[in-house]
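**Student:** These are the residues of each chain, in order.
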Amino acid sequence: MENNMPTINVALGQYSDLFMLLAAIVYASAFVAFAWDLAKSSKLIQEIDAATLASEKKALVAAGAVGTPPPGGAENELVNDSMTYTATSAKRMAAKVAVSLTWLGVLLQGFAVVARGIAAGRVPWGNMYEFLSTGSFLVALVFSLVLLKKDLRFMGTFVIGLVTVMLCGATMGFPTPVAHLVPALQSYWLIIHVSIAVLASSLFTITFAMNVLQLVQHARMDALAAGKPDKMPFMRLVPGAAPLENFAYRINAVAFVMWTFTVMAGAIWAEAAWGRYWGWDTKEVWSFVIWVVYAGYLHARATGGWTGARSAWLSIIGYLCIVFNFTVVNIYFNGLHSYAGL
Amino acid sequence: MAKNDMKKDVAVPALGFVGMLRWAWTQLTSMKTALFLLLLLAVAAVPGSLFPQRSVNPEQVTIYLTNKPTAGEWLDRFQLFDVYSSVWFSAIYMLLFVSLIGCILPRVKKHAKALRTPPPRTPSRLNRLPQNGTIEIQSAAESGLSDAEIARQAAALLKKRGYRSEARTEGPTPSVGAERGYIREIGNLLFHISLVGLLASVGIGGAFGYNGQRVLVEGETFVNSLVSYDSFKPGTFFKEDSLDPYSVKLDKFNITFDRESTTHFGQPIDFTAEVETRRSPDAEPQKETIRVNHPLRIDGADMYLVGNGYAPVVTVRDGAGNVAFSGPVVSVPQDGMYTSLMVIKAPDAKPDQLGFQGFLLPTAMTDETGFAISGDPNAINPQLQLNSYYGNLGLDDGNPQNVYVLETDALKELNNRNLDAGGIVLSAGQTYKLPDGKGSISFDGLKRFIGVDIAYDPSKRPVAIFAALSLLGLGISLFTARRRAWVKVKTSVDGSGREERIIEYGLLARGEDHGLESEAKELRKLLEQQWPAVERAGV
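Residue numbers (the numbering used here), protein chains in the order written: chain C, 1 to 342; chain A, 1001 to 1539.
One thing to keep in mind: the hints can contain errors.
Stated by the list, open to error - Derived DSS-like pairs: lysine-lysine, alpha-carbon spacing no greater than 27 Å straight-line: (1) C:Lys43 with C:Lys91; (2) C:Lys149 with A:Lys1525; (3) A:Lys1160 with A:Lys1490; (4) A:Lys1525 with C:Lys150; (5) A:Lys1490 with A:Lys1525; (6) C:Lys149 with A:Lys1521; (7) A:Lys1412 with A:Lys1350; (8) C:Lys228 with C:Lys43; (9) A:Lys1239 with A:Lys1460; (10) C:Lys91 with C:Lys149; (11) C:Lys150 with A:Lys1521; (12) A:Lys1525 with A:Lys1160.
To be verified - Part of the chain A face toward chain C, derived, beta carbon under 10 Å: (13) Thr1263; (14) Leu1474; (15) Gly1475.
As the list claims (entries may be wrong) - Cβ-Cβ distance ranges computed for the label pairs, FRET-style: (16) C:Tyr332 with A:Pro1435: 44 to 52 Å; (17) A:Ala1140 with C:Ala54: 48 to 56 Å; (18) A:Val1043 with C:Arg250: 25 to 33 Å; (19) A:Asn1378 with C:Val216: 54 to 62 Å; (20) C:Ile118 with A:Val1043: 41 to 49 Å; (21) C:Ile268 with A:Lys1233: 17 to 25 Å; (22) A:Gly1144 with C:Arg250: 40 to 48 Å; (23) A:Gly1162 with C:Ser100: 41 to 49 Å; (24) A:Lys1159 with C:Ile268: 39 to 47 Å; (25) C:Ser100 with A:Glu1517: 26 to 34 Å; (26) C:Ile268 with A:Asn1378: 27 to 35 Å; (27) A:Pro1532 with C:Arg250: 34 to 42 Å; (28) C:Gly305 with A:Asp1230: 51 to 59 Å; (29) A:Lys1233 with C:Leu104: 53 to 61 Å.
These are computed hints drawn from the structure, not numbers from a lab.
For glycine and all other residues, C-beta sits at the position ideal for the given N, C-alpha and C.
The task is simple: from the sequences and hints, build the whole structure.
**Tutor:** Next comes the structure, spelled out in structure tokens:
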């Protein structure tokens, strides 16, 4: 990079801050709507079941047939195992509102992130505030894009809840006015290494939610099979444990390749910056631990006795390591990666 | 990696020695063991981030051992300050890689054989496969194509779709066996072999390399030989004659500070070292720069900018008026304003050796409480604030001393703010006469210095190549699908004596394959394009 740095646009930076706040408020409303969707799900389920029963009775009378078809035909499922939208999807008004609000939040935050980048004349991921604000934007964007194809609204409470927490954490915990990058970060590897790391992390966030729901659904199914009452009827909005596991695996495979690339790009950058490609700096240690845990997860899926709940736990542990690497290591550990701007 | 194909009911006592070895080998190379070792490796890496590591930050280890001697001793006993070269960490990854090699070898053999083997024979019942279906097509009489001809055409169709296919036209029901995605296993093997290659490169390459540090003041020249280094760490197989005889002279070091921002005022935004290099003693000098993220690339040993600060030029005279010390003194920055700690040792001073310690303030000013501070990182009003000492510096007994620390226990104070003489305050160009005719000290000027790392590591290139190959292999193994497909052509005669011909197909995934369903749909579409399905009335 050249010595003649671009001028910081302070006013645009302040607009960016304002839009971050607006996005946080919109996300918080979306979170409430998603939670509302889950809360009133049991009523909706009852209505749908009653309607199904009634229509089936009518059909039975009309055909004069004997025998009982299973209640809740395929067209009346709230979710299906391929997580595509079904005939009843549109009946979830609260969820529709929540998705619209999420898109509004994504647009507002998208403007804020881009404005921040333009104001600083560089990529907007150079300190903890920017890691969090840009990271949460990517999580929300990836989630919204997946929503176009797949009905993952059951994860909305978790994902948008997390996005809200991240964005509030950025604006309240680490408010940082727009500034130039410190020399250590002035490298095009910042663009490559950090963006892929954040993208991989946002994919891991989504799989984390799926694997947690997989475990909950698994426990619920076991309880139902044992003849116990359904304590979590809202989990009817969530697909079965097996499809959750399979979908999480597909995303984890993509995210793992990205993480591998992140570590490699980081090594190349480290070589240019510090003269060694690997030196067991705390950040490097934790990136390695994360890589190994997810490698273990991929292998577990191909090992007898390790599929299902066990591999889900590995994915969850891997994500907890990511969270640890991003929060505790960034803030409390002293290392070469201390760019949190604290 | 290899699947766990050991037998469950092995009776250990009956095995004998060779059997035991084989049993141990099977255990080690089993998938479960590999998974266990992999997870153990993750756990074992964690302590290296919790305790200071000698390989990363030796000073922190010394501080830890001083502050917590008892705990430190125990931690040291279990190599927790050297985690990544410890016996236990090495044992885990060595076992893991032995297990890995034990997995790779048989799989390479197996896959080499699979590549030379025709697709597997057609199962008798295709409707047992996860994806299957039937299409009724025109009979041989209607279309003029025999069952065998249909099978041959289906084989060609599958081949065009990337399958390796074989038409089996003997027997009453001609069929096609096909398989695709052999590259998935090749990618998988490439990934794991590359990991072994990467580890081997790190181990072997690192042993021939070296790295060292040097502080270079403006005007000084570094010549790449052992005596020029402030600290030096050779690899196991390092030889002194492998040092390239190049030289680097620091002409000037520039820092750009942020002067626009109100919130980040004075934050450095650029460091540039202007240097004059000679690749060999008789080579032409070249003007080059070293910057953060832009090292000086010299074939054999690159130079990296890792630190900087001020080096005040000081002259110390002793009581007799002779120069006891003269030259730049490297000071250690303590904060963003470059308030820098400095120590001057003048062992040649007579009759008493002289020592000084205190601060350099690049832009001296006083804060509200009347305390002297530095108000800017640039040297606008440089000032030295020093205490002085005389006596025995302890340098003559041959014990190595830290140049940045003055051992004051055996010394007598001359200047200190608590003494009548007060502390020494010197602006650039000024000279101060020490009390009791002990001599004088003058602040002649200010230079900057840089700290550089010089690193030679021949493993870089092979590691980069193996890393790229492993990424390629990983992508191939995760995003290509290995599938088997079969097509059968069956003709039967129904009750009315009419010939009825059916194409039956089935697909099987080998390994993770979420796309099998859409592949089955695609295959059906292709088959129906070639031989349109016939609708029989009343069926």
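**Student:** Now look at each hint and say whether the structure bears it out.
**Tutor:** So, going through the hints one by one against the coordinates:
{"no.": "1", "hint": "C:Lys43 with C:Lys91", "result": "holds, 12 Å"}
{"no.": "2", "hint": "C:Lys149 with A:Lys1525", "result": "holds, 24 Å"}
{"no.": "3", "hint": "A:Lys1160 with A:Lys1490", "result": "holds, 23 Å"}
{"no.": "4", "hint": "A:Lys1525 with C:Lys150", "result": "holds, 25 Å"}
{"no.": "5", "hint": "A:Lys1490 with A:Lys1525", "result": "holds, 19 Å"}
{"no.": "6", "hint": "C:Lys149 with A:Lys1521", "result": "holds, 20 Å"}
{"no.": "7", "hint": "A:Lys1412 with A:Lys1350", "result": "holds, 15 Å"}
{"no.": "8", "hint": "C:Lys228 with C:Lys43", "result": "holds, 20 Å"}
{"no.": "9", "hint": "A:Lys1239 with A:Lys1460", "result": "holds, 19 Å"}
{"no.": "10", "hint": "C:Lys91 with C:Lys149", "result": "holds, 18 Å"}
{"no.": "11", "hint": "C:Lys150 with A:Lys1521", "result": "holds, 20 Å"}
{"no.": "12", "hint": "A:Lys1525 with A:Lys1160", "result": "holds, 14 Å"}
{"no.": "13", "hint": "Thr1263", "result": "holds, 4 Å"}
{"no.": "14", "hint": "Leu1474", "result": "holds, 6 Å"}
{"no.": "15", "hint": "Gly1475", "result": "holds, 6 Å"}
{"no.": "16", "hint": "C:Tyr332 with A:Pro1435: 44 to 52 Å", "result": "holds, 48 Å"}
{"no.": "17", "hint": "A:Ala1140 with C:Ala54: 48 to 56 Å", "result": "holds, 53 Å"}
{"no.": "18", "hint": "A:Val1043 with C:Arg250: 25 to 33 Å", "result": "holds, 27 Å"}
{"no.": "19", "hint": "A:Asn1378 with C:Val216: 54 to 62 Å", "result": "holds, 60 Å"}
{"no.": "20", "hint": "C:Ile118 with A:Val1043: 41 to 49 Å", "result": "holds, 44 Å"}
{"no.": "21", "hint": "C:Ile268 with A:Lys1233: 17 to 25 Å", "result": "holds, 22 Å"}
{"no.": "22", "hint": "A:Gly1144 with C:Arg250: 40 to 48 Å", "result": "holds, 46 Å"}
{"no.": "23", "hint": "A:Gly1162 with C:Ser100: 41 to 49 Å", "result": "holds, 43 Å"}
{"no.": "24", "hint": "A:Lys1159 with C:Ile268: 39 to 47 Å", "result": "holds, 41 Å"}
{"no.": "25", "hint": "C:Ser100 with A:Glu1517: 26 to 34 Å", "result": "holds, 32 Å"}
{"no.": "26", "hint": "C:Ile268 with A:Asn1378: 27 to 35 Å", "result": "holds, 34 Å"}
{"no.": "27", "hint": "A:Pro1532 with C:Arg250: 34 to 42 Å", "result": "holds, 35 Å"}
{"no.": "28", "hint": "C:Gly305 with A:Asp1230: 51 to 59 Å", "result": "holds, 56 Å"}
{"no.": "29", "hint": "A:Lys1233 with C:Leu104: 53 to 61 Å", "result": "holds, 56 Å"}
Of the hints listed earlier, there is not a single one the structure fails to meet.
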